[in-house]
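Could you slot chain B onto chain A? The hints should help.
Protein chains: 2
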Amino acid sequence: MADQWEITAEELESKFKEISVAEFFEKNRHLLGYENPTKALLTIVKEGVDNSLDATNEAGILPNIKITLSQTTADRFLITIEDNGPGIVESKVPFAFGKMLYGTKFHRLRQSRGTQGIGMHGAVLYSQLTTGKHVKITTSTGKAIHVFEMMINVTKNEPHVISKKELKNADKWHGLKIEMEAEGKYIERHQSIPEYLKQTAISNPYAHIIFEGPNGKLEFKRTVNEIPRQPKEIKPHPYGVEIGIMRRMLSNTKTKNIIGFLTTEFSRVGRGSAEQICKLAKIEFSQNPKQLTHEDSERLHKSMQMVKLISPPTNCLSPLGEKLITEGMKKELSGEFFVAVTRPPSVYRGNPFQVEVGLAYGGQMPADQSALVLRFANKVPLLYHQSDCATNEAIVETDWRRYGFSQSGNAAPAGPLAILTHFASVWVPYTSEGKQAIANYTEIVKEMKLALQEAGRKLSIYVHQKKRDSERQIKRQIFERYIPIVSESLSKLTGKDKKIIMKKLEDITKKKTDFLIVGEAKEEEVKEVEGNKEET
Amino acid sequence: MADQWEITAEELESKFKEISVAEFFEKNRHLLGYENPTKALLTIVKEGVDNSLDATNEAGILPNIKITLSQTTADRFLITIEDNGPGIVESKVPFAFGKMLYGTKFHRLRQSRGTQGIGMHGAVLYSQLTTGKHVKITTSTGKAIHVFEMMINVTKNEPHVISKKELKNADKWHGLKIEMEAEGKYIERHQSIPEYLKQTAISNPYAHIIFEGPNGKLEFKRTVNEIPRQPKEIKPHPYGVEIGIMRRMLSNTKTKNIIGFLTTEFSRVGRGSAEQICKLAKIEFSQNPKQLTHEDSERLHKSMQMVKLISPPTNCLSPLGEKLITEGMKKELSGEFFVAVTRPPSVYRGNPFQVEVGLAYGGQMPADQSALVLRFANKVPLLYHQSDCATNEAIVETDWRRYGFSQSGNAAPAGPLAILTHFASVWVPYTSEGKQAIANYTEIVKEMKLALQEAGRKLSIYVHQKKRDSERQIKRQIFERYIPIVSESLSKLTGKDKKIIMKKLEDITKKKTDFLIVGEAKEEEVKEVEGNKEET
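Line order of the protein sequences matches chains A and B.
Heads up: the first sequence at position 260 corresponds to 269 in the numbering used here, and the numbers run straight through without jumps.
Heads up: the second sequence at position 347 corresponds to 356 in the numbering used here, and the numbers run straight through without jumps.
Pulled out of the complex, with its shape left as it was, chain A reads as follows (with noise of 0.2 Å):
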């Protein structure tokens, strides 16, 4: 029968090979956001910011941020990213920039810009497939400073330094310094790194970042001085705990019994909620874990799932904050009204996460477009990929039409409005590993939807209130054209004065027609308009 077939079985055994993590991402570099010239200089200036922002607020220090852009060839750049971060210790500089899927933060329940031990090195990757060269890391903790010139080896994802060397630090400098060329294309306008670090500088207010581009020096100043609360990092929740990654749990855990495993490896179960759950799984309290049966194991996860359970800790999150989004959008938005929305936090799979929405309207914003959308995740701009995002699901999904803004279909509203949105979590479902837009799960389109309503809600007072005043206006302006000539008819009618008539139609015009101040709606009219309201 073989014999017919055109390769066989035995001559496919020899064509079986592992591939490295680095190769694959080699090849599918578009994953990692490298799939054009321009795309590819901004995602290793957003890498480099992303992680040097992250290292300075892990270490409580205020963030200066320099980073310099200079074309060297044609299609070829220079770029350095520099930062007074913590520093790197010189002995895991090579694998935080020369392995893939090596960091810090991948198993840590807590809100980061970076999670994956990706981004870097894909730069580093980029960098040295493009031009053939090392790149350049110098860094220090405030004692010796340590040079390394080095690439990666693609074949085995292994770091290959080329050089390294130890200098003196008479200044105690500390942080972190990243030199590397690629080859790319500079842009300043939408999808470009002058956007990107504005829309950082929005939700990063405490970050003092310089850029030295091609066409000269940008500056975002540090407006505010105080780093924000620390995210504290969180065990997993019972309920988003899958039964395969309990299994594991269960054969790695330290400790010596059921109730012990249940009361240090998770989050919110104490003593009585874990005596609790093992009498509904049937399963003794001094029970091994590491002896349970498959059997007992579905028992437990189950079980784990019908207690009733507080919800995780929230203190791993760290949203922007009311203010924060308020103020961000009035220094960089034209908009005459403003009104921002944090959600309290929710749960998916287990992961804290919290939403928030922030609305500009009106001003020199264009009424006959789309709305502009900022969006947000960890406190990083997403530029790409909008309409693949759960932000643009909920957007349009929201009607619209009820807060005063056209719409048409499954879009997004038309008017002048701008939509911002922030997604914080201990972990965002990216839809691919260059990060650019939120994956579409059912809970967080929700909870956005839901943020939206709230903001929107809140606009639409004003929105309605602008549109009533005009109204007046125009029925203020068409009494009063008529006025005189109705005043002479009565007046010869009746007899009396016309000065008179007039004056008494006037006020009646006046008060019919008097209208609230723009912006100062009632209490009563929000909770009219609110309880008119039936959201979906």
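Treat the hints as calculated values from the structure; they're not laboratory data.
Predicted model, so just to flag it, every value in this text is computed and none were measured.
Just so you know, even glycine gets a beta-carbon here, dropped at the ideal spot from N, CA and C.
Possibly wrong hints are sitting among the right ones.
To be verified - Here are the computed distance ranges between Cβ atoms for each label pair:
| # | chain 1 | residue 1 | chain 2 | residue 2 | range |
| --- | --- | --- | --- | --- | --- |
| 1 | A | Q239 | B | V405 | 53 to 61 Å |
| 2 | B | V405 | A | K299 | 54 to 62 Å |
| 3 | B | I171 | A | E235 | 49 to 57 Å |
| 4 | A | S417 | B | D408 | 17 to 25 Å |
Said to hold, decoys possible - According to the in silico footprint, chain B covers these stretches of chain A (three or more CB under 8 Å from chain B):
| # | segment |
| --- | --- |
| 5 | 97-105 |
| 6 | 300-309 |
| 7 | 472-486 |
Stated by the list, open to error - With a straight-line Cα cutoff of 27 Å, these simulated BS3-like cross-link-like pairs (lysine-lysine) come out:
| # | chain 1 | residue 1 | chain 2 | residue 2 |
| --- | --- | --- | --- | --- |
| 8 | B | K455 | B | K332 |
| 9 | A | K165 | B | K101 |
| 10 | B | K152 | B | K101 |
| 11 | B | K142 | A | K265 |
| 12 | B | K24 | A | K173 |
| 13 | A | K75 | A | K226 |
| 14 | B | K226 | B | K263 |
| 15 | B | K26 | A | K152 |
| 16 | B | K299 | A | K142 |
| 17 | A | K519 | A | K484 |
| 18 | A | K26 | B | K26 |
| 19 | B | K36 | A | K114 |
| 20 | A | K36 | B | K26 |
| 21 | B | K332 | B | K207 |
| 22 | A | K165 | A | K152 |
| 23 | A | K263 | A | K311 |
| 24 | B | K299 | A | K165 |
| 25 | B | K299 | B | K263 |
| 26 | B | K165 | A | K265 |
| 27 | B | K207 | B | K101 |
| 28 | A | K299 | B | K36 |
Here is chain B on its own, set in the frame of chain A:
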């Protein structure tokens, strides 16, 4: 200085950790298509069927594929996928299902459905994550039958074989059967397993596919008894090789001199071209490839791009062909007019690719909705992430008003229209590992637009003719309505017989409003239409 920090670089040191690629995808399983239970079931079936089609195609076997799906608990399903392919040799089974980034297709430059050694592994990963259970693999290459029960050791990305047995194979069965249980939700509309199988049957008419689902049996019979020509493996073309890759090839080559390197490791480089490249780069013909300096290799790389070489061979591709596309659409769509276009092969980053487009028009298709879009890549239907796909970009950027359709802003055309696209390539740049959308590479979008325009022009002749016909018919009806009255008046005025006048008027009307029989537009008219349109 360091003492004021919240966490020091030294403390962070201990937090650096390597993550296995299996852990990465377990956590980011939405990247593989497992973000919700409905899509998860579809993804498992898709990965299994795609692999079966690849394996049978490669061995030159007409594929028989059987899928069963049965519900085991409220939210779990048992899935089996069985084929009559060449099977997998015993020693490779654990890796083929238990080690991610391990496979036969990654380094090969030829068209195939799978590429990455991630798909089926992802299904195993999802199964054990959501049920905690192992999968069962039964396979034979025609000799003994091997049965494996196995899981993936996620932390190590290594196979964990639980049991293994050998059975006699009296019937000389060969093939592969996969059985696994997983969390899921079964639906039958839109982005569903039946829809995926239906579209798979369109693009693979030589496959016989049986699906036994929760609601009964679905059979897709073989309509073509010939397997398409096997695509051939090619070597990389110099124009598409980045300098980083070329440097790796230089250090890995077994050739002894640079001329040997160029003629052996690349396609379309003969002795003459190789000498030309060396001369341009100022490198001796006898130079040992492993001893090139960085500057040498930079010059070599530049020269490779400058010498005129013919395009890479395209027998690595296996397009559907215009006949098959038209037949597939006729079978599955209720149109009245069909047109298909297979473009000549093109190249991006040295990878040959080919775009095909089919249009179905009229019939029972709704006239007031957006066009139905069917997307395929390497003969695999793409059901998700349409808005983020290069196909979508090409469709919305095409001006469909030229071809007689309404189209608003940046949207797909509206009308009784279905658009089928097929992207065939040695390497498809998917936007995520779940392989549901093609990344927006400029060259790809451009070729797709050209294909859509070509098909659109052909269709427009029919559409415009049909419009003209209906306009003429209305005109004739109006004339005919007035002929009796006009004839009577003329008869009175001239004294001639009313009947003769009527007959003559009828003849004139018929002659002036007579029309071509629909669908038989003449060659001249085709040229005229094409000449009038300026395509961009």
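How the hints compare with the structure:
| no. | hint | in the structure |
| --- | --- | --- |
| 1 | A:Q239 to B:V405: 53 to 61 Å | violated (45 Å) |
| 2 | B:V405 to A:K299: 54 to 62 Å | holds (56 Å) |
| 3 | B:I171 to A:E235: 49 to 57 Å | holds (55 Å) |
| 4 | A:S417 to B:D408: 17 to 25 Å | holds (20 Å) |
| 5 | 97-105 | holds (count 6) |
| 6 | 300-309 | holds (count 3) |
| 7 | 472-486 | violated (count 0) |
| 8 | B:K455 to B:K332 | holds (23 Å) |
| 9 | A:K165 to B:K101 | holds (21 Å) |
| 10 | B:K152 to B:K101 | holds (15 Å) |
| 11 | B:K142 to A:K265 | holds (24 Å) |
| 12 | B:K24 to A:K173 | holds (23 Å) |
| 13 | A:K75 to A:K226 | holds (11 Å) |
| 14 | B:K226 to B:K263 | violated (55 Å) |
| 15 | B:K26 to A:K152 | holds (24 Å) |
| 16 | B:K299 to A:K142 | holds (16 Å) |
| 17 | A:K519 to A:K484 | holds (10 Å) |
| 18 | A:K26 to B:K26 | holds (25 Å) |
| 19 | B:K36 to A:K114 | holds (13 Å) |
| 20 | A:K36 to B:K26 | holds (24 Å) |
| 21 | B:K332 to B:K207 | holds (18 Å) |
| 22 | A:K165 to A:K152 | violated (32 Å) |
| 23 | A:K263 to A:K311 | holds (23 Å) |
| 24 | B:K299 to A:K165 | holds (19 Å) |
| 25 | B:K299 to B:K263 | holds (9 Å) |
| 26 | B:K165 to A:K265 | holds (24 Å) |
| 27 | B:K207 to B:K101 | violated (32 Å) |
| 28 | A:K299 to B:K36 | holds (23 Å) |
Hints 1, 7, 14, 22, 27, counting from the list given before, are not met by this structure.
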